[in-house]
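Novice: Take a look at the letters that make up each chain.
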Amino acid sequence: SQELEQSPQSLIVQEGKNLTINCTSSKTLYGLYWYKQKYGEGLIFLMMLQKGGEEKSHEKITAKLDEKKQQSSLHITASQPSHAGIYLCGADMTTDSWGKLQFGAGTQVVVTP
Amino acid sequence: EAEVAQSPRYKITEKSQAVAFWCDPISGHATLYWYRQILGQGPELLVQFQDESVVDDSQLPKDRFSAERLKGVDSTLKIQPAELGDSAMYLCASSLTGSKEQYFGPGTRLTVT
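Taken in sequence, the protein lines are chains R and G.
Heads up, the first sequence is in our numbering, so the first residue is 1 and it goes up one at a time.
Heads up, the second sequence is in our numbering, so the first residue is 114 and it goes up one at a time.
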């Protein structure tokens, strides 16, 4: 979706290093969902953010939603081979309870030894 | 742990043939989604069901695609006739009513030759 931009498109990180992925919208985000996808497989739910300034962490992954609710970042600390995959952000841009999620194009993460 | 089931996982078909995909959502999830994901892009919603009713099929190519969820549980997505451009991953997801926290199945990878 052109309304939701993910950056970078791909990145290569050495094992043990940190990485950050960004998801930016021109519209207010009423909900922001981070997913991970291994090639050829379904999406695995990681985290959901709804409030401006909200931050959530799970193991070595931290996600934040900015105060204006138009940008989110996903940060991985001390990356491991298990972190390799495609990370997608899905955004709820409506207050409609039937509103669909719009997804970014994804960021491919490669972790090298 | 409850999961969304999809079958088949892979399907190769010739253009102009009919093809069908099946999805069984997590038990108790009244909302069911069918997405199409083209390689290198994020998922795009094709159709959304609430129980047995369609609540959004605005992106479904209705001349060749159809979807049903007759008893409000499992669902079938059909393409007839298939075209080369239909080659993609077809993902099914489900959620509790009113929640946009969606859980995805493993997907069906369709190749049209």
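Derived from the structure by calculation, the hints contain no laboratory data.
Where hints are given, some of them may not hold.
As the list claims (entries may be wrong) - Short, incomplete list of chain G residues facing chain R, as computed with Cβ under 8 Å: (1) Gly153; (2) Gln154; (3) Leu158; (4) Asp169; (5) Lys175; (6) Asp176; (7) Phe178; (8) Ser200; (9) Ala201; (10) Leu204; (11) Phe217; (12) Pro219; (13) Gly220; (14) Thr226.
Claimed, not checked - Distance windows between CB atoms, simulated: (15) Lys68(R) / Thr226(G): 21 to 27 Å; (16) Glu196(G) / Gln71(R): 22 to 28 Å; (17) Asn22(R) / Lys128(G): 37 to 43 Å.
Virtual Cβ for every residue (Gly too), placed ideally from N, Cα, C.
Novice: Of all the hints given earlier, name the ones this structure violates by number, lowest first.
Specialist: 5, 6, 7, 8, 9, 14, 15 and 16
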